Amino acid sequence: MELAGSRARPLAGACALAVLSAAARLAPYFTIYLMVRAIILNWNDLGALDLPFLWGLAFATVGAAVLHGATGYLSMMLAHRAAFDVLYEVRLQLMDKLARIPSGYFNQVRQGEIKKVLNDDVEKIEGFIAHNLSDTVCAVALPLLTIAALAFVDWRLALLLVVPIVVSFLLLGSALGSPEGAACQRAMAQSREKLNGTTVEFVHGMPVVKVFNRSLAAFGRFEADAREFVGNIKWATWFNARGMGKLYAAAGTQMLLLLPAVLIILPTAASYADFLSTALLFFLVGGGMKEPVMQMITQALGVNGINASVARIDEVLAEPELSQPEHPVEPTAFDLAFEHVTFSYDGKKNAVEDVTFRVPAGSVVGLVGPSGGGKSTLAALGLRFFDPQEGRIALGGVDLRDIAPERLTELASSVFQDSFVLDDTVENNILMGSSAPHERVVAAAEAASIADVIDALPQGYRTVVGADGTRLSGGEAQRLAIARAMLRDTPLIILDEATAYADAENEAKIQDAFAQLAARKTVLVIAHRMKTVRTADLIVVVDEGRVVGTGTHDDLMDACPLYRSMVDADERKDAWTLTVGKEG
Numbered sequence: 001m002e003l004a005g006s007r008a009r010p011l012a013g014a015c016a017l018a019v020l021s022a023a024a025r026l027a028p029y030f031t032i033y034l035m036v037r038a039i040i041l042n043w044n045d046l047g048a049l050d051l052p053f054l055w056g057l058a059f060a061t062v063g064a065a066v067l068h069g070a071t072g073y074l075s076m077m078l079a080h081r082a083a084f085d086v087l088y089e090v091r092l093q094l095m096d097k098l099a100r101i102p103s104g105y106f107n108q109v110r111q112g113e114i115k116k117v118l119n120d121d122v123e124k125i126e127g128f129i130a131h132n133l134s135d136t137v138c139a140v141a142l143p144l145l146t147i148a149a150l151a152f153v154d155w156r157l158a159l160l161l162v163v164p165i166v167v168s169f170l171l172l173g174s175a176l177g178s179p180e181g182a183a184c185q186r187a188m189a190q191s192r193e194k195l196n197g198t199t200v201e202f203v204h205g206m207p208v209v210k211v212f213n214r215s216l217a218a219f220g221r222f223e224a225d226a227r228e229f230v231g232n233i234k235w236a237t238w239f240n241a242r243g244m245g246k247l248y249a250a251a252g253t254q255m256l257l258l259l260p261a262v263l264i265i266l267p268t269a270a271s272y273a274d275f276l277s278t279a280l281l282f283f284l285v286g287g288g289m290k291e292p293v294m295q296m297i298t299q300a301l302g303v304n305g306i307n308a309s310v311a312r313i314d315e316v317l318a319e320p321e322l323s324q325p326e327h328p329v330e331p332t333a334f335d336l337a338f339e340h341v342t343f344s345y346d347g348k349k350n351a352v353e354d355v356t357f358r359v360p361a362g363s364v365v366g367l368v369g370p371s372g373g374g375k376s377t378l379a380a381l382g383l384r385f386f387d388p389q390e391g392r393i394a395l396g397g398v399d400l401r402d403i404a405p406e407r408l409t410e411l412a413s414s415v416f417q418d419s420f421v422l423d424d425t426v427e428n429n430i431l432m433g434s435s436a437p438h439e440r441v442v443a444a445a446e447a448a449s450i451a452d453v454i455d456a457l458p459q460g461y462r463t464v465v466g467a468d469g470t471r472l473s474g475g476e477a478q479r480l481a482i483a484r485a486m487l488r489d490t491p492l493i494i495l496d497e498a499t500a501y502a503d504a505e506n507e508a509k510i511q512d513a514f515a516q517l518a519a520r521k522t523v524l525v526i527a528h529r530m531k532t533v534r535t536a537d538l539i540v541v542v543d544e545g546r547v548v549g550t551g552t553h554d555d556l557m558d559a560c561p562l563y564r565s566m567v568d569a570d571e572r573k574d575a576w577t578l579t580v581g582k583e584g
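Heads up: the sequence shown is residues 1 to 584, going by UniProt numbering.
Misleading hints may appear alongside valid ones.
Claimed, not checked - Computed cross-link-like contacts, DSS-like style, restricted to lysine-lysine with a CA-CA straight-line distance of at most 25 Å:
(1) K116 to K234
(2) K348 to K234
(3) K234 to K194
(4) K531 to K521
(5) K234 to K124
(6) K116 to K97
(7) K573 to K531
(8) K124 to K97
(9) K531 to K349
(10) K234 to K349
(11) K521 to K573
(12) K97 to K234
(13) K97 to K115
By construction, these hints were calculated from the structure, which means they are not laboratory data. Because the structure is a prediction, the values reported are computed rather than measured.
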């Protein structure tokens, strides 16, 4: 009901109608019981039968059947309408939450896991509310109402019918609460999430498999995760089969208990008619208790399954958000300073430690170092994807935590090595929600050296690109991202290895676009190719999360062995590439 939000009242109405439907379903058994009892009592003198009473019971039987169908239908309709509203509201809650949590969250969580929560888990809740909620309430209400009604006829026999229900749920609780049951559920959930994530990676990597003519076995992790998932399914199937066998056996013992019990109470019956009608009622209703009891157990298992989806949604909704300053400060300058910054992703090992350097306003500072040395972490911290555990990062002397998050996004732009392209028109990809006129979009595209590519597309700026449209190359996607940044015209720009995978032609165009973008801006460039930052105003060398060198290219070639070795390696790689080109 917490996730249901404003739909809690219609859902309560659906549940109430489900209870009424269960009562109406049960009512004909008792009206028929009263009719049979009246006939047996007057068997020797049928003329003494109270016909209006019998006709009343007959109409009540028909009315109960109609009421059962009508209330069941209304309950289902209310539940379906509420379910679609809940689906909409929960997705809005999740999207709103994802917009307010640190952007670094998306670097730590696999795409498949987020997709599972947004799609699969939310759909499970919608499916449960629409299709299972009324059934669950009805499944619980029917046995309880049956026992309560039978208790008015003979409390001893009614109490006897409680035994199979209690035993069934004890067995169910024992199975679900057992170490094996908990381990089975946990293994299923974990292997499903792993497979979702590796499936996304597998599909993304399919072009590489085809280009290099590799077998599908090259994706060893996907195969291993798939095998693990299948193994857990088999385990869960065997575990459930054992448990359900015991439950079916326990739930079907009503008749075995009723037969001797009815014979035991025979001497205490007030009359033969009372005994016969009571025995008939209990055999008819009590003997049919197996179906509603098993339905109740099945629905209980469904509720147990939906709890895992609710828990995963709650985990996302409970993610800590970026702190909001009580009194936001507006920076008046745009130099970016890292002051004794220490940050850890897991609270154990520091990704960066005691990092201090400054990017003066209007300058270009390059950040270089071995892979995994902390460069991208510093870029993420500079955009406030995370907050450091120690030290501070300041823009114009103002701690980033004292700037309103929405204002910081207006002051900073970024271009990453993996540029995201929306399944939308080229123009909307550049605008990204901006209301800038078309002329500014064209100007940004021209400055980013992407205008000629756009003009060659079938519908120009109205061409749909992305997964469902025209595909752009990696370099073209990078220049599209640069056009976005140019349109925004922010004073701070952070470029994270944006030319890492570009070919020579695209790299030259991207570098020209960078030069246009960086003019009169504060720019931090995380470089993969050393020549990218050779002309930077300042270069910072990072290794194992620490600053090991600072200066210009010439300074570092003299004073920093790591920088010198990286430049030499880069030059050897370029020379090797040129040699291959000549031989071809």
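Hint check:
A C-alpha spacing of about 22 Å is found between K116 and K234, which places the hinted pair at or below 25 Å, so the restraint holds. Restraint check for K348 and K234: the C-alpha separation of about 37 Å exceeds 25 Å, so the hint is violated. Straight-line distance between C-alpha atoms of K234 and K194 comes to about 17 Å, which keeps the hinted pair within the 25 Å bound. Pair hint K531 plus K521 holds up; C-alpha atoms about 20 Å apart against a cutoff of 25 Å.
Between K234 and K124 the alpha-carbon distance is near 22 Å, which keeps this suggested pair within the 25 Å criterion. Distance hint between K116 and K97 is fulfilled; the C-alpha atoms sit about 16 Å from each other, no more than 25 Å. Simply put, K573 and K531 have alpha-carbon atoms about 12 Å apart, close enough for the 25 Å limit, and the pair holds. With a C-alpha separation of about 20 Å, the suggested pair K124 and K97 falls inside the 25 Å cut-off, and the hint holds.
Between the alpha carbons of K531 and K349 the distance comes to roughly 31 Å, so the proposed pair goes past 25 Å and is violated. Distance restraint check for K234 and K349: the Cα-Cα separation of roughly 38 Å exceeds the 25 Å cut-off, and the hinted pair is therefore not satisfied. With a C-alpha separation of about 31 Å, the suggested pair K521 and K573 falls outside the 25 Å cut-off, and the hint is violated. Distance restraint check for K97 and K234: the Cα-Cα separation of roughly 36 Å exceeds the 25 Å cut-off, and the hinted pair is therefore not satisfied.
Our distance criterion of 25 Å between C-alpha atoms is met by K97 and K115, whose separation comes to about 15 Å.
In summary, the numbered hints that this structure violates are 2, 9, 10, 11, 12.
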